[in-house]
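The lines below spell out each chain.
2 protein chains.
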Amino acid sequence: MVKTIEWVGGKVIMLDQSRLPVDVAYIECDNYLKVAEGIKKLWIRGAPAIGIAAAMGIALAARDIKAEDFESFISQLEPAIETILSTRPTAVNMKWAANRLKALLNSRRDESVSGLKELLVEESQKILDEDLQVNKAIGMWGEQFINDGDTILTHCNAGALATGGYYGTATAPMRVAKEMGKNFHVIADETRPVLQGARLTAWELMQDKIPVTLITDNTAGALMQRGEINLVIVGTDRTALNGDVANKIGTYSVAVLCKEHGIPFYVAAPLSSIDFNIPSGDQIPIEERGSEEVTDVFGKCKIAPEGVKVRNIAFDVTPAKYVTAIITEKGAFKPEDLKKLSGVEAEIDKLRIKIRK
Amino acid sequence: MVKTIEWVGGKVIMLDQSRLPVDVAYIECDNYLKVAEGIKKLWIRGAPAIGIAAAMGIALAARDIKAEDFESFISQLEPAIETILSTRPTAVNMKWAANRLKALLNSRRDESVSGLKELLVEESQKILDEDLQVNKAIGMWGEQFINDGDTILTHCNAGALATGGYYGTATAPMRVAKEMGKNFHVIADETRPVLQGARLTAWELMQDKIPVTLITDNTAGALMQRGEINLVIVGTDRTALNGDVANKIGTYSVAVLCKEHGIPFYVAAPLSSIDFNIPSGDQIPIEERGSEEVTDVFGKCKIAPEGVKVRNIAFDVTPAKYVTAIITEKGAFKPEDLKKLSGVEAEIDKLRIKIRK
Numbered sequence: 241m242v243k244t245i246e247w248v249g250g251k252v253i254m255l256d257q258s259r260l261p262v263d264v265a266y267i268e269c270d271n272y273l274k275v276a277e278g279i280k281k282l283w284i285r286g287a288p289a290i291g292i293a294a295a296m297g298i299a300l301a302a303r304d305i306k307a308e309d310f311e312s313f314i315s316q317l318e319p320a321i322e323t324i325l326s327t328r329p330t331a332v333n334m335k336w337a338a339n340r341l342k343a344l345l346n347s348r349r350d351e352s353v354s355g356l357k358e359l360l361v362e363e364s365q366k367i368l369d370e371d372l373q374v375n376k377a378i379g380m381w382g383e384q385f386i387n388d389g390d391t392i393l394t395h396c397n398a399g400a401l402a403t404g405g406y407y408g409t410a411t412a413p414m415r416v417a418k419e420m421g422k423n424f425h426v427i428a429d430e431t432r433p434v435l436q437g438a439r440l441t442a443w444e445l446m447q448d449k450i451p452v453t454l455i456t457d458n459t460a461g462a463l464m465q466r467g468e469i470n471l472v473i474v475g476t477d478r479t480a481l482n483g484d485v486a487n488k489i490g491t492y493s494v495a496v497l498c499k500e501h502g503i504p505f506y507v508a509a510p511l512s513s514i515d516f517n518i519p520s521g522d523q524i525p526i527e528e529r530g531s532e533e534v535t536d537v538f539g540k541c542k543i544a545p546e547g548v549k550v551r552n553i554a555f556d557v558t559p560a561k562y563v564t565a566i567i568t569e570k571g572a573f574k575p576e577d578l579k580k581l582s583g584v585e586a587e588i589d590k591l592r593i594k595i596r597k
Numbered sequence: 241m242v243k244t245i246e247w248v249g250g251k252v253i254m255l256d257q258s259r260l261p262v263d264v265a266y267i268e269c270d271n272y273l274k275v276a277e278g279i280k281k282l283w284i285r286g287a288p289a290i291g292i293a294a295a296m297g298i299a300l301a302a303r304d305i306k307a308e309d310f311e312s313f314i315s316q317l318e319p320a321i322e323t324i325l326s327t328r329p330t331a332v333n334m335k336w337a338a339n340r341l342k343a344l345l346n347s348r349r350d351e352s353v354s355g356l357k358e359l360l361v362e363e364s365q366k367i368l369d370e371d372l373q374v375n376k377a378i379g380m381w382g383e384q385f386i387n388d389g390d391t392i393l394t395h396c397n398a399g400a401l402a403t404g405g406y407y408g409t410a411t412a413p414m415r416v417a418k419e420m421g422k423n424f425h426v427i428a429d430e431t432r433p434v435l436q437g438a439r440l441t442a443w444e445l446m447q448d449k450i451p452v453t454l455i456t457d458n459t460a461g462a463l464m465q466r467g468e469i470n471l472v473i474v475g476t477d478r479t480a481l482n483g484d485v486a487n488k489i490g491t492y493s494v495a496v497l498c499k500e501h502g503i504p505f506y507v508a509a510p511l512s513s514i515d516f517n518i519p520s521g522d523q524i525p526i527e528e529r530g531s532e533e534v535t536d537v538f539g540k541c542k543i544a545p546e547g548v549k550v551r552n553i554a555f556d557v558t559p560a561k562y563v564t565a566i567i568t569e570k571g572a573f574k575p576e577d578l579k580k581l582s583g584v585e586a587e588i589d590k591l592r593i594k595i596r597k
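These protein sequence lines are chains A and B, in that order. Residue numbering for the first sequence follows the working numbering, beginning at 241 and increasing consecutively. Residue numbering for the second sequence follows the working numbering, beginning at 241 and increasing consecutively.
Careful, some of the hints might be misleading.
Chain copies aren't distinguished; within one or between two, either way the pair holds.
Said to hold, decoys possible - Taking lysine to any residue and the SDA-like style, the derived pairs with C-alpha atoms no more than 20 Å apart in a straight line are:
1. Lys579 x Leu463
2. Lys449 x Lys549
3. Lys542 x Val262
4. Lys540 x Ser258
5. Lys542 x Val264
6. Lys594 x Ser326
7. Lys280 x Ile503
8. Lys449 x Gln365
9. Lys549 x His425
10. Lys540 x Val262
11. Lys549 x Asp448
12. Lys580 x Asn470
13. Lys542 x Met446
14. Lys570 x Asp369
15. Lys549 x Thr391
16. Lys580 x Val248
17. Lys561 x Gly502
18. Lys540 x Arg259
19. Lys306 x His501
20. Lys274 x Arg596
21. Lys574 x Lys594
22. Lys549 x Gly389
23. Lys418 x Ser352
24. Lys549 x Arg466
Bear in mind the hints are in silico, worked out from the structure with no lab data behind them. Small disclaimer: the values here were computed from a predicted structure and weren't measured.
With the rest of the complex left out, here is chain A (with noise of 0.2 Å):
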């Protein structure tokens, strides 16, 4: 399996990711600014893949400031930090881990400032190491979903390729699945605007040999209605406290089809894609993107006319009423019972969806 991101030799390695499925290169970013374009174009996507890479940036930026002492690193950190968070506004794992890197700053005051940014560097890594373990542990609570012989739709790209390593989030479930020798078929839709699913999900599941067939977004319904689609499996890029689900554009009616045919809906959430300070989805900033990711499709083949005006609204909020249950590294639990996990173990593991008792 390749990289999605790597820190090598002072350098952050990312593969870029709006190049796949046609070309598979790797960009280097030697300064914070060139992970922030990365991020902002979609070289490195997925809202796992970008805390992880926020968390590098800040490490690069760090790197290269000079500072005698704590509140002069600090201070020239902080813009490099809301320069990268802001290159997109939806997902909340930048924040989070912008938190995780000032929270351990705030702890270490007495460090020499080399050794603080030692620090970030060594953070970073270890958010990126914890990633693999955290999305093995969805796919562990979240195989339990899945039959033998079932069909699992999936949106937009949740997968390796949105993590910093091999279980993805929404194709956790299905790669332990599959390691535990359950046969099953995945209907990836290709994701308009960006095809994340034609390019990427579609990519690493036959790099995998998962059974995948590629449909068009618009394909979702049909099957649904013959009753070719057993459950639903998707990621999240920010999930309220109420369960509210922000996810790629396309994820809501995908969600509204499955209330219309019964279909159990699933979101694979790690516990840093979820914002326990905002208490529901109206709240989750939604980015708007440029007309031309609509209207030049790949960057290249213009499919529309010359000037016409574009709604390219990159996210959506799927209520917390169209949600099965949310898969964290902790358990699987219905949408309403997240604002619960702050309590002790012994509580929370009663809060578990567990098919197999």
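Position chain B against the provided structure of chain A, taking the given hints into account.
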């Protein structure tokens, strides 16, 4: 307004819609096989337009037949008709046009073969000429559903380009509303895979200076959720006697979203697209097309991994229960009333939906 199809000097001239909006180019067909190729390859598309094309193709096929008597003429014409009808299975208009021409021939068995050939040319021209009137009537019965200030979503292209004339079917209520001075805004779903919304609907509405915004198919749900869509009007390739509507893939998803949001869902359907011979939509043959329409956007931009498996279902069936009204040239009706349209005019008038009493 450009002409979709014309009979000029013994040839069928069709606008090559597969190249719009990049090129405005015409293709000359001097034999029926070229017309069949044009229908198959979507140089011409849209249920009413391919009905006209089929009629003209049959007239071309007839012209090249060498026969001395009616029986010989018909027996040679039949295989050509079958070839034309086999190009696309879902729309019923080609069959409707062929049946109309065959009935005409059967009623004039005493004509000379050259007279029969002339009759077919005249009748196919008549089908084209009537199309404009039919669509204008759809517009006049349908404009009542459009209020000043409305935003109307449409899917695929059931516009002028889908017909022989100016009004189109789904766009006819819009064009009549515009003639009446109403202000409204159109949202065009781009309509993957063949992008008729982006390439054709946006283009023709821009030509007419009707305000239009292009969105990906994924965005319709989010706009409905935000309360930004007042009504939906789509066309149909074949509507069954019970009011089930076959139309471009993705139409069903739009209809389900309309139900979820309490948004009226209208279908503009010339009587030539209503199949009074089949009781319900599950008997409508649904065309599946090649994978390259999904994997290679606009025939040239590869957007998916080499060798990926694809399902390219070209149409879906929206059950009558999702349809607010079917707008025909005889009036707007509840889908369940279609079966009563063969009654006497006074009875039909009682069934008409009239918002302005």
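Hints violated by the structure (listed by number, smallest first): Result: hints 1, 6, 7, 8, 12, 16, 19, 20 and 23 break, sorted rising.
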